[in-house]
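A.B. asks: Below are the chains, spelled out letter by letter.
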Amino acid sequence: MSFLSKFIRLIFGFCIIFLILSGGLGSVQRAGGLLFVSIVCTAGIGLLLWFPLSYMVGTLAFKILKIDQNKKVSIELTKKITNNTQAIVNFIIHAQQSGYSGSEIERVLKENGWSDSDIKDAFLSIKR
Amino acid sequence: METIFTQIGQFHVCNIPKSTTLPIVIFDFFIIISALIILSILYKRGKNNILKYLYIAVGIFIFEFFTSPMWNNWHLGSCAYVYQDVSWILTIGWATLIIVAIIIIDEWFKKWREWKKFLLYLGSLTIVVFFFEVLLVHLGVRSYAPEVLTTISGIYLWKAPIEAFYYIPVFLALVIGFYKYWNFVLENKVIAPSKKINYWKKLGLSFLMVFLFELVVEPMVVNAKLPQWSYIYRDISIIMAGLWVLIIWISVTAVDKFFIHWSLKGKFIMYLAISCIMTYPLEAFFIKQGYRVYGESAVANFSGFITPITNIPVEIAFAFPLYMALIIASIKYWEIVFKNKL
Chain A
17 MSFLSKFIRL
27 IFGFCIIFLI
37 LSGGLGSVQR
47 AGGLLFVSIV
57 CTAGIGLLLW
67 FPLSYMVGTL
77 AFKILKIDQN
87 KKVSIELTKK
97 ITNNTQAIVN
107 FIIHAQQSGY
117 SGSEIERVLK
127 ENGWSDSDIK
137 DAFLSIKR
Chain B
922 METIFTQIGQ
932 FHVCNIPKST
942 TLPIVIFDFF
952 IIISALIILS
962 ILYKRGKNNI
972 LKYLYIAVGI
982 FIFEFFTSPM
992 WNNWHLGSCA
1002 YVYQDVSWIL
1012 TIGWATLIIV
1022 AIIIIDEWFK
1032 KWREWKKFLL
1042 YLGSLTIVVF
1052 FFEVLLVHLG
1062 VRSYAPEVLT
1072 TISGIYLWKA
1082 PIEAFYYIPV
1092 FLALVIGFYK
1102 YWNFVLENKV
1112 IAPSKKINYW
1122 KKLGLSFLMV
1132 FLFELVVEPM
1142 VVNAKLPQWS
1152 YIYRDISIIM
1162 AGLWVLIIWI
1172 SVTAVDKFFI
1182 HWSLKGKFIM
1192 YLAISCIMTY
1202 PLEAFFIKQG
1212 YRVYGESAVA
1222 NFSGFITPIT
1232 NIPVEIAFAF
1242 PLYMALIIAS
1252 IKYWEIVFKN
1262 KL
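Chains as they are written, first to last, in the numbering used here: chain A, 17 to 144; chain B, 922 to 1263.
If you're looking for bench data, these hints aren't it; they were derived computationally from the structure.
Any given hint might turn out to be false.
Straight-line distance between alpha carbons at most 25 Å, and here's what the computed BS3-like set of lysine-lysine pairs gives [said to hold, decoys possible]:
| # | chain 1 | residue 1 | chain 2 | residue 2 |
| --- | --- | --- | --- | --- |
| 1 | A | Lys22 | B | Lys1186 |
| 2 | B | Lys1110 | B | Lys1178 |
| 3 | B | Lys1260 | A | Lys126 |
| 4 | A | Lys79 | B | Lys1116 |
| 5 | B | Lys1110 | A | Lys126 |
| 6 | B | Lys1031 | A | Lys143 |
| 7 | B | Lys1038 | B | Lys968 |
| 8 | B | Lys1080 | B | Lys1178 |
| 9 | B | Lys1110 | A | Lys136 |
Please model the entire structure based on the sequences and the hints provided.
C.D. replies: Okay, here's the thing in structure tokens:
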């Protein structure tokens, strides 16, 4: 994911948080005040909370709105796969890119409790 | 907004003793120059090493920020502080020591298993860090909060409390655990997803990390009004600590189960988010009801700003994600080390 894409998610998430805070606290001024206090009065340490939180909210919003998901679309278009299969697929792709053989990958997946059919489904998803 | 500016004007907690002496100035320069030398060596060995240094520094800073009411870091000079008496000089000093030890041990003991190397990090660094602690005490930089002084045994080794031999390894274990977790992200380590969730292992690790940390930070806050049988050591209550263990365990288990396909970074944010959502209102409730009473040194460190709705000091609100970040990163690091055989 490019820096710009991450930055857009962060800003998008921050706007959502700001809107929620404005609603929760009753006014835009109060939400601004809270953010100001939490950042300035902690010498910027508050950003350690707001940055990841904004990025997380932005990422979640992008997932819900299905924006910018072109990388994984190829797998998801072929078949509606479960989170478990997606996790195995991600692992297999990553392991293959790192130079591990098919048998090594299969062995490790079995050691982690995955059945033969789970592993087969994941390999099939990748081939499609 | 006017009230906020008025309050910032009265930000008395920033008024810590910053005036310095010649030996402390020499110490400051020694730390800065050592850090610069190590950073330049690290940069030559690979650009990623600078990020590794940064991860260690972040871990140290989190610990220092969280435990800042327990110890004073004074007289380091007017430019040496980031927040109250949390000093960037000490942060980079500890970070330099830790990264040097990790690199040397990783280089010389490549074939050793991770837990063996980890023990070696702790063993070697505890001795070195203790000597620096002694140096800080002798320079007049380091002193301890009254709550800490009443908790410790009173046995000193070269003016440093003997309890440092407990505080230092816990500090190192959390910081190195935090660094190692983020190092997996940095090195793009191949980590197999696990179908079988070992609930007991997660619970055991959560219990261990929370109790180790609670023993260190115990002087900062008093757990009061709880049943007498629940107190296991001083004011550490099995009910209160058990609740934090349970929350961390639930957060880690839920994310590992329902967000199994997410990256390490994404999962980490979710661990923090879920655990903090549960902890925040509970802590506010405990403070209001008098079950959690913060010590005088902690209260003196509060800036006076309170959070809306729950009305708790902002420092406490910000302490949750920091506490969780160190503990959860360490738990997940050990879990990955034990299960990942690739």
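A.B. asks: If a hint holds in the structure, say so; if it doesn't, say that too.
C.D. replies: Against the structure, the hints come out as follows:
{"no.": "1", "hint": "A:Lys22 / B:Lys1186", "result": "13 Å, holds"}
{"no.": "2", "hint": "B:Lys1110 / B:Lys1178", "result": "20 Å, holds"}
{"no.": "3", "hint": "B:Lys1260 / A:Lys126", "result": "12 Å, holds"}
{"no.": "4", "hint": "A:Lys79 / B:Lys1116", "result": "24 Å, holds"}
{"no.": "5", "hint": "B:Lys1110 / A:Lys126", "result": "19 Å, holds"}
{"no.": "6", "hint": "B:Lys1031 / A:Lys143", "result": "37 Å, violated"}
{"no.": "7", "hint": "B:Lys1038 / B:Lys968", "result": "24 Å, holds"}
{"no.": "8", "hint": "B:Lys1080 / B:Lys1178", "result": "49 Å, violated"}
{"no.": "9", "hint": "B:Lys1110 / A:Lys136", "result": "23 Å, holds"}
Violated hints, listed in ascending order, are 6 and 8; each of the other numbered hints is respected by the structure.
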